[in-house]
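The sequence shown begins at 1 in the UniProt record's numbering and counts up by one.
Because the hints were derived from the structure by calculation, they are not lab data. Incorrect hints may have been included.
As the list claims (entries may be wrong) - Beta-carbon label-pair distances, calculated as ranges: (1) 221 - 256: 23 to 31 Å; (2) 450 - 102: 26 to 34 Å; (3) 102 - 332: 29 to 37 Å; (4) 281 - 70: 49 to 57 Å; (5) 82 - 261: 51 to 59 Å; (6) 286 - 433: 54 to 62 Å; (7) 173 - 332: 16 to 24 Å; (8) 406 - 261: 27 to 35 Å; (9) 429 - 457: 31 to 39 Å; (10) 261 - 186: 21 to 29 Å; (11) 433 - 470: 51 to 59 Å; (12) 229 - 13: 32 to 40 Å.
Stated by the list, open to error - Listed next, the in silico DSSO-like pairs over lysine-lysine satisfying Cα-Cα at most 27 Å (straight line): (13) 248 - 450; (14) 268 - 248; (15) 268 - 52; (16) 371 - 279; (17) 52 - 32; (18) 98 - 248; (19) 288 - 268; (20) 127 - 287; (21) 16 - 446; (22) 16 - 288; (23) 32 - 206; (24) 279 - 268; (25) 206 - 146; (26) 164 - 32; (27) 16 - 371; (28) 16 - 98; (29) 248 - 52; (30) 450 - 288; (31) 371 - 127; (32) 127 - 248; (33) 268 - 446; (34) 16 - 52; (35) 127 - 146; (36) 16 - 32; (37) 287 - 456; (38) 450 - 32; (39) 268 - 287.
Just so you know, these numbers come straight off a predicted model, no measurement behind them. No residue lacks a Cβ here, since even glycine has one placed at the ideal position from N, Cα and C.
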Amino acid sequence: MENVLFVASECTPFVKTGGLADVIGSLPQALKANEGVDVRVILPLYDEIAEKWRDQMEYHTSFEVEFGWRNQEARIYTLNYNNILYYFIANDYYFTRKGIYGYYDDGERFVFFGHAVIEALTHLEFKPHILHAHDWQAGIAVALAKISQPIEGLKTVFTIHNIKYQGIMPLTTFADFFNLPEDHIAGLEWNGMLNCLKSGLFHADKITTVSPSYAEEITNPYFSEGLHPILLERSNDIVGVLNGIDTKEYNPSIDPLIPVNYRSSRAKKRDNKILLQEKVGLPIDGKKPLYTIITRLVEQKGLHLVQAILDEFLLEDVQFVILGTGDQEFERYFAETADRYPDKLVTLLTFDEGMARQLYAGADFFVMPSKFEPCGLAQLISLQYKTVPIVRETGGLKDTVISFNEFTGEGNGFSFTNYNAHDLLAVLHYSLTTYHNPTQWATLGKNVNKSQFSWKDSARDYASLYDGLSMKYV
């Protein structure tokens with residue numbers, strides 16, 4: 001049985017800003033339950049972590065972390081939750097702050113985290129065979145594991161969740177943060193800057209991404225955020241493993257946050273729609289098609305396409321609800337558009353998990369026309385709630401949503417290829433036509449009901465990857 005240590009900056013249920021936390025919260029559970037892998041997780045102990053979790057932690061050990069000219073104390077606390085052991089690295093200077101990202105010294109904070117993780121390996125009773133690090137915040141841990149070799153035979157896997165964020169700092173910080181010979185600069189530097197993500201890519205034994213299509217896309221300059229040369233160089237070591245979702249957490253038959261629980265009943269789903277219409281102030285009509293967008297209001301999510309065609313689409317007999325916060329440009333646009341179409345569009349400039357679940361449960365269509373999307377969890381959640389996704393064919397969206405074909409009866413959603421507003425409008429109109437065709441709508445509904453994206457398949461793929469590393473490098 002493999003021993004695997006996950007290194008990450010966030011994890012549900014302790015601390016979350018995005019989909020990374022969902023992966024770190026769910027994948028270890030699936031690996032342990034389905035593949036017999038002994039997985040443990042190491043995280044920073046942020047001030048944001050609630051007292052109810054802190055009260056359950058046990059002090060384990062403490063040690064000095066030397067990096068550059070500084071010495072910082074690291075204290076290790078442990079917590080067993082759902083049969084997974086979590087290690088938390090505490091440091092008052094770096095992690096006792098409000099929020100977890102967005103500080104001027106984020107680079108330094110997570111370089112410290114990387115140093116502390118590697119130092120911790122000599123203080124823990126657990127000796128991993130695989131160190132599996134996630135995103136730029138853990139990239140330095142991968143580099144230091146390869147450079148210092150704290151455990152004989154330790155192999156590393158580095159997962160890119162979103163290549164846009166890289167942890168970039170001035171190259172002068174190499175001398176400031178590392179007690180290493182200068183010949184190691186090459187493995188940490190990119191375009192004249194210290195780059196934490198590149199550090200992981202350069203040193204890892206295997207690189208994974210969160211969907212097969214994204215694994216292909218990031219070797220293309222358009223998607224690579226400038227890193228395509230090293231990704232092309234390492235293309236034989238890149239594997240795309242599709243994320244899953246927690247099907248117990250996102251389960252409309254038992255979800256306490258939705259008013260009417262259901263498994264696949266369209267009648268009960270319609271009941272949720274009516275209650276939702278009443279709650280948000282839309283005209284109550286269970287037969288009227290309801291579309292929703294639940295997202296961060298940022299360019300990546302394809303909102304410029306939505307801006308270009310929303311007025312035209314709202315001329316149709318439809319309803320639309322937007323839920324999210326983000327860039328002022330989009331917040332203002334959706335608020336002003338809702339004022340112009342009070343009976344058709346509601347804009348909720350907030351994020352509320354209960355409202356999100358009610359939208360998944362009550363809507364007929366979920367719109368996600370992303371410019372790029374490494375995997376995407378929202379379209380998987382929408383399928384769990386029997387809500388038809390409308391997506392652009394990129395990254396994980398391409399891997400999980402098959403466009404409905406009225407002639408063959410295949411497909412579990414609607415999709416379009418080019419990043420083009422008129423293509424989005426065309427597919428929205430096609431979805432509306434399908435909705436009003438009872439035979440086609442029933443066929444599509446059956447296909448949606450068959451869509452399953454649990455973590456079981458992902459866990460099997462990762463277990464196979466771990467086994468291959470162990471066999472190849474012993």
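Verification of the hints:
Taking 23 to 31 Å as the suggested C-beta distance range, the pair residue 221 and residue 256 does not conform, at roughly 46 Å. One distance hint, 26 to 34 Å for the beta-carbon pair residue 450 and residue 102, is violated here, with the actual separation near 41 Å. Checked against the given bound of 29 to 37 Å, the beta carbons of residue 102 and residue 332, roughly 22 Å apart, lie outside it. The hinted range of 49 to 57 Å is satisfied by residue 281 and residue 70, whose Cβ atoms lie roughly 56 Å apart.
The hinted range of 51 to 59 Å is not satisfied by residue 82 and residue 261, whose Cβ atoms lie roughly 23 Å apart. Residue 286 and residue 433 have their C-beta atoms about 19 Å apart, which leaves the hinted 54 to 62 Å range violated. Distance hint check for residue 173 and residue 332: the Cβ-Cβ separation is about 38 Å, which falls outside the suggested range of 16 to 24 Å. Taking the beta carbon of each, residue 406 and residue 261 are about 31 Å apart, inside 27 to 35 Å as hinted.
For the pair residue 429 and residue 457, the beta carbons lie near 34 Å from each other, so the given range of 31 to 39 Å is met. A hinted range of 21 to 29 Å is violated for the C-beta pair residue 261 and residue 186, which are about 56 Å apart. Between residue 433 and residue 470 the CB atoms are about 53 Å apart, so this pair conforms to the stated range of 51 to 59 Å. The supplied range of 32 to 40 Å is met by residue 229 and residue 13, whose beta-carbon atoms lie about 39 Å from each other.
Restraint check for residue 248 and residue 450: satisfied, since their Cα atoms lie roughly 16 Å apart, inside the 27 Å limit. Restraint check for residue 268 and residue 248: satisfied, since their Cα atoms lie roughly 20 Å apart, inside the 27 Å limit. For the hint pairing residue 268 with residue 52, the CA-to-CA distance comes to about 36 Å; that exceeds 27 Å, so the pair is violated. Distance restraint check for residue 371 and residue 279: the Cα-Cα separation of roughly 31 Å exceeds the 27 Å cut-off, and the hinted pair is therefore not satisfied.
For the suggested pair residue 52 and residue 32, the alpha carbons sit about 25 Å apart, so the restraint of at most 27 Å is met. About 31 Å separates the Cα atoms of residue 98 and residue 248, which puts this hinted pair outside 27 Å; it is violated. Note on residue 288 and residue 268: the hinted pairing holds, with a Cα-Cα distance of about 15 Å set against a maximum of 27 Å. Proposed proximity of residue 127 and residue 287 is contradicted: the alpha carbons are some 58 Å apart, above 27 Å.
At most 27 Å may separate the alpha-carbon atoms for a hinted pair to count; residue 16 and residue 446 exceed this at roughly 34 Å. Pair hint residue 16 plus residue 288 does not hold up; C-alpha atoms about 35 Å apart against a cutoff of 27 Å. Using a Cα cut-off of 27 Å, the hinted pair residue 32 and residue 206 holds, with the two alpha carbons roughly 21 Å apart. Note on residue 279 and residue 268: the hinted pairing holds, with a Cα-Cα distance of about 17 Å set against a maximum of 27 Å.
Taking the CA atoms of residue 206 and residue 146, the gap is about 12 Å. The hint holds against a cut of 27 Å. About 30 Å separates the Cα atoms of residue 164 and residue 32, which puts this hinted pair outside 27 Å; it is violated. Under the criterion of a C-alpha separation no larger than 27 Å, the hint pairing residue 16 with residue 371 is consistent with the structure, at around 23 Å. Between residue 16 and residue 98 the CA atoms are separated by roughly 13 Å; this keeps the pair inside 27 Å, and the hint holds.
Only pairs whose Cα atoms come within 27 Å are accepted, and residue 248 paired with residue 52 is accepted, the gap being roughly 22 Å. With a C-alpha separation of about 25 Å, the suggested pairing of residue 450 with residue 288 holds against the 27 Å cut-off. Restraint check for residue 371 and residue 127: not satisfied, since their Cα atoms lie roughly 41 Å apart, outside the 27 Å limit. Restraint check for residue 127 and residue 248: the C-alpha separation of about 31 Å exceeds 27 Å, so the hint is violated.
At most 27 Å may separate the alpha-carbon atoms for a hinted pair to count; residue 268 and residue 446 meet this at roughly 16 Å. The straight-line distance between the Cα atoms of residue 16 and residue 52 is roughly 16 Å, inside the 27 Å bound, and the hint therefore holds. Restraint check: the Cα-Cα separation between residue 127 and residue 146 comes to about 15 Å, which is no more than 27 Å; the hinted pair holds. At most 27 Å may separate the alpha-carbon atoms for a hinted pair to count; residue 16 and residue 32 meet this at roughly 22 Å.
With a CA separation close to 36 Å, the supplied pair residue 287 and residue 456 exceeds the 27 Å bound. The straight-line distance between the Cα atoms of residue 450 and residue 32 is roughly 26 Å, inside the 27 Å bound, and the hint therefore holds. Proximity of residue 268 to residue 287 is assessed by CA-CA distance (about 13 Å); at most 27 Å being required, the pair is judged to hold.
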